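Student: Each chain, written out:
There are 2 protein chains.
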Amino acid sequence: MNKIFFLILITILSFGNRSLAQQTLSPIQFNKVSYIKDGKPFYLISGEFHYFRVPKADWKHRMELLKQGGGNCIATYVPWLIHEPKEGTFDFGSESFREMESFLKLAKEENLYVIARPGPYQYSELAYDGLPEWLSKNYPQIRAKTLQGQDLRGGLSYQHPLFLKKVKTWFDKVCPMLAKYTISNGGPIVFVQLDNELTGVHFWNGGIDYNPETMGFGKVRGKYPTFLQSKYNTIAALNKAYGTNYESFEKVIPIEAKSYDKAEDLRHVKDYYDFYFSMAAQYLDTLATMIRGNGIDVPLIHNAANPGMIPQFKEAVKLIKPPFLLGMDSYYNLDQSWGQNNPTPQFAIGTFCGLEMLRMMGYPSSIFELASGSASDWPAMSATDAKASYMTNIALGMKGHNYYIFTGGPNPLGYGATTDNYDYGGPVSANNEVRPLYYAQKEVADFIGKEKWLLNAELEHDCRISLDFEYGRASNYWKGKGKFAVSSPEAFEFMSKGVLTTAMLSSVSPELCDLSNPDFLKESTPLIVVSSSAMSADKQRNIVSFLKKGGKVLLLPTIPEVDDDLNPCTILKDFLSNIKLRTPDSGVKRATFGTINNVRKKSLFVFEKMPDNAEVIGKEEATGKPIACKIKTEGNGTIVIAGISWMASHFEQNQMLLYLLSKLDYQQKVVCDNQNIWHTLRSDGKNELLFLINLNTSVQTANIEYTNLEGKLVKLGNVSVDAMSVKTIKQNND
Amino acid sequence: MNKIFFLILITILSFGNRSLAQQTLSPIQFNKVSYIKDGKPFYLISGEFHYFRVPKADWKHRMELLKQGGGNCIATYVPWLIHEPKEGTFDFGSESFREMESFLKLAKEENLYVIARPGPYQYSELAYDGLPEWLSKNYPQIRAKTLQGQDLRGGLSYQHPLFLKKVKTWFDKVCPMLAKYTISNGGPIVFVQLDNELTGVHFWNGGIDYNPETMGFGKVRGKYPTFLQSKYNTIAALNKAYGTNYESFEKVIPIEAKSYDKAEDLRHVKDYYDFYFSMAAQYLDTLATMIRGNGIDVPLIHNAANPGMIPQFKEAVKLIKPPFLLGMDSYYNLDQSWGQNNPTPQFAIGTFCGLEMLRMMGYPSSIFELASGSASDWPAMSATDAKASYMTNIALGMKGHNYYIFTGGPNPLGYGATTDNYDYGGPVSANNEVRPLYYAQKEVADFIGKEKWLLNAELEHDCRISLDFEYGRASNYWKGKGKFAVSSPEAFEFMSKGVLTTAMLSSVSPELCDLSNPDFLKESTPLIVVSSSAMSADKQRNIVSFLKKGGKVLLLPTIPEVDDDLNPCTILKDFLSNIKLRTPDSGVKRATFGTINNVRKKSLFVFEKMPDNAEVIGKEEATGKPIACKIKTEGNGTIVIAGISWMASHFEQNQMLLYLLSKLDYQQKVVCDNQNIWHTLRSDGKNELLFLINLNTSVQTANIEYTNLEGKLVKLGNVSVDAMSVKTIKQNND
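Line by line, the protein sequences give chains G and C.
For our numbering, count along the first sequence from 1 and bump the result up by 15.
For our numbering, count along the second sequence from 1 and bump the result up by 15.
Keep in mind that the hints were calculated from the coordinates and are not lab data.
Predicted model, so just to flag it, every value in this text is computed and none were measured.
Check before you lean on any hint, since a few could be wrong.
Unchecked claim - With beta-carbon atoms standing in for the labels, derived distance ranges:
| # | chain 1 | residue 1 | chain 2 | residue 2 | range |
| --- | --- | --- | --- | --- | --- |
| 1 | G | V235 | C | G639 | 49 to 57 Å |
| 2 | G | A637 | C | K55 | 51 to 59 Å |
| 3 | G | S490 | C | K55 | 52 to 60 Å |
| 4 | G | D688 | C | N447 | 55 to 63 Å |
| 5 | C | S490 | G | K55 | 53 to 61 Å |
| 6 | C | N248 | G | P227 | 50 to 58 Å |
| 7 | G | S531 | C | G639 | 54 to 62 Å |
| 8 | C | E636 | G | P227 | 31 to 39 Å |
| 9 | G | G495 | C | D276 | 48 to 56 Å |
| 10 | C | Q163 | G | S677 | 42 to 50 Å |
| 11 | C | D276 | G | T598 | 56 to 64 Å |
| 12 | G | K496 | C | L536 | 49 to 57 Å |
Backbone N, C-alpha and C fix where the C-beta goes; we use that ideal spot for every residue, glycine too.
Using the sequences and the hints given, assemble the complete structure.
Tutor: Rendered as structure tokens:
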């Protein structure tokens, strides 16, 4: 019955969607570089501000504080549990904390934009993650399940027909109300968010969802069997891929994500995760359709919970009709278990990857929840640290953000999951105190206001580092190495904590690059490819094309042998011909490159075979075996292959990276002689700004020079950057 | 043959040991409060300084720098791999980096004490952890093994007879040489260290050792069967305890440490860990016997790798003949994976537990490797952070320390495991540069010199918190909860990250306390007992005795039901009579204590039964069910039982702790109104010093008052403490 209902529902929703085909354009739009307001670049500075927590009497005053602090937008959850406390009983006004419309009206009066986040999920330290108590209690069948059939702590099954039915009732109530206040209807709402931090409620509560009803295990036309059928066509093909003997697609059951030796098992697991992510994407799309069907025409947005979760959205960003914008959330300490209390350089590497992934997906890189306070009263968050993190984000390409939170207040009784007073340590306290964090944020807004051209700026770079989205997803399903030399999660970690970190430490100016997008072929700066044993055919083909047109490539730490489905795929290897790497015996091995001896490594790979024209440029010292070589390819390309992986830790790694790049006609854009000052150079073609980032707890000094837009060398001499701060330097020709 | 040899060896060693029965007293001794030199308290300020790394030409200059910086001692490894590069070929002089004796002579000339660390294990970023390459290579049978029989990465099997035979050859060579230079023989050596960071080489390389030859699996009189027989006497008793059907002790095989539901399986695992730790202790004792047999009479020392590993040394400290001293190592960042780059308050909690455990074991709390540089060139270590951590350690009771490292130099070729230049970022660089860290350490030495009385000082406290060593060990073998309400690892974590942290945040002045030592009965300040479902009979009996003599107890979060072996043990419960706690249903529950509402918790337990005279002082708000009560006991004792556990995060927890203590006539010694300034008050009965600790990255200000030695209230008014610093305040009567 549920399934029949579901089919009807989908049909209705599809019609609803189609009726929105000619949607009006919201005055706030975005392109791949920035937000756009009335056709001009616009920096979104939003602050989270909950009408259900901040007392109504304080709304106006605090909105004005937000504006005075440089903000132009407020974001608020619209929690289902607050507005449908009993099933079927909607309440938008019995008490002031439920007066969503008064709040939206006031925001409009105050000339503030609004990002509305009607869920269904909210989290926000609300009871039941913001869902009504009755939902999971009265309908236990909609709970997400483990593979063993137990309930996941708290999470529901996104695509369960009954859950979607309840969501539709909620959306059909709340969305028409929100639609009245969209900017196209003269209201303040510029964006509406779909759900919240998708899949977090599963992953953080015990793993992904295996609800058999939702997934259709064992059922003809069940979603999982259908997914498998569309991938494999015949059950024989699936059985060959999995090493199994299933009689039909309906009979296939998923297996757990754990360390497997066989590629067959790994495929079996990977397919389920791909299926799960596609289900999550369909869920977001279903929500989008419901929202559109209720007359909301502003861009829809979503926030990946952290940079590491962005690759999960591959299917979602394809499925959801534009205008849709993916951003991410970013916190550096929400409670004592986070280890670091401040935004360390290690943390910035993760943020950089996140902002770059969003850019590569075609979005203006946005942080929809940017640490502004903490879910815990302790450990303390300092305004200085926060400002350093904000400025670092701008240096790394952030084009819009929402402070979580700008201001808080008491949780309506029974609706808070943590404490009764949701102060959160925000810049304006629950009792209207203006904290140092407020002034730190104002300084950031002043900076943005002064350097508006930065909105159109891009990262000046002198090389590219490949970021493989599939490697980012693989950490979910690929445990252990299996029979492979380098697993994809290892490659992702090496890319960020090894290559990218070493690049920052050695004053290289990298941009990240998606090998599946042939746009990278247009540029000639060296391309650093971090590869696992697996890489898809299109990416391998693109690398070959790049080499064929004379490109320079540094390949680390191995050469791919299979594609993402672990089927043989040796396009790159075949192009290079007669080449083979293997892991040397364990024990103490010395990696030497030119005059750089004993480079600290994680793994070493030695060449068993090399093309005749290969020039050896790195050796395992004890045995003299080659570990790095330079090869000239067809079409005058050059590839350096270095069989080494590492975690950034020692000076020699920095020297090695520069040495390897030097074999590829690398031209260093910025030279800074202190590894603890990181830099980015941003430019819109006319203006140029050098960001000097010091995320260490002590002052740092460096001798710095860089090549400016006109190609001239700018010598800055000795520059000192305070502890936990970012210094910006405008062009200053010698 | 090996076993026979081993028995002979032990016999020889035992004789050797006996011949040392009347050993001379070294001029440097220690008691349970401090080190003693010539009968007077003495603060050990040592710096790690390796003759095999620092060029001989620089030895003298750097030793003088060390003294000028306030140091009085140097510590050095004496690496086996450097002095027996080929088996049977000893080399103490072919090259200057092998000239151990020249180094010891020079130290003597320079009036510096020496801590000699001849291994066998060293780690120290040396190849093969400091063991000769030939050892593991030529004798694979001595490698430590996993339960599945695979080699542990790098680790050897401590008590393997062949390994011990090779160690004896090494010790019989090196120890007589060291003996010539002990302080009793007019030399500089004051301590000799046994091995290094015991068990680390197993735990960090894949787990503990199951080498079947060493452990004697399946063998009559094998060590493991013998251990089991001495515990259970009959195989029937073991089978009852394990729920197994073994025919004999020889047939018993260990099972893996993983989450089990049955207490029987947990016992099976626990016994193996107890056996393993007793084997590790026997190994240390064997080394001690070898060293003593070679005429070394100075105190022997050992360094637990970190605070969490101290409880593993229960057997060792009993077994090794005095004088023996256990200390620990302490690092806050050795590479990028550590998360925090600076000594956070969270880190200080761990250090506090470690220093207190050492004190409770009867030692002057010592850090034998104190972070002074890092194994990685990045992330950066700042002198300011380091000084804050050193001063914090002194505030928390550190009575002696060794900086790791004071100064470094090039690794002899092929002997370094990381890089060729072992600079380590120490206070004096590999090329004689004096770094800011040097001056930070000099300031610390100056402080120690100025406040010599601190050596005899103890922690002024206003309550005690129980630290159960068995709970600390349990994290190794007790995974998951089993069928118990609170596992022992959970209780340990709650003690440190919940109760102790909240105590520091709420300006309570706690001392830690070992319930198995009845000394705690002598004092009347409130005793906070953190209990798992398991607590040994002696500890339960001691709590009852304390109550019977009128003691005040706060018991959290549950009442023990079994002993450490998980056999029923309800001494405390029976004493309280008619009492029962149970976990409430999951979901949102509000814990309310007096006027403090909705305290953030991890788990809640409600009373099913309470004695008639119990006064309810805490409730689950939604249901009104009691979660905390106060009970008057026989002998005029008072116990408050609060069924709540938490991780320190919110202000309400601080208020709750003070509220619960207020029910026990608690008198707060120091009142500080800013949770981010932590304090300790140390006194020798005549002098008193208040340490104000700010391990946050921003300046902190507080209104502070305290009751001084004479019982007068000292009002300090508003005090400001710089970011990452410790301020000391001398008595200043109003």
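Student: Just pull the numbers of the violated hints for me, sorted ascending.
Tutor: Hints 4, 9 and 11 contradicted; others consistent.
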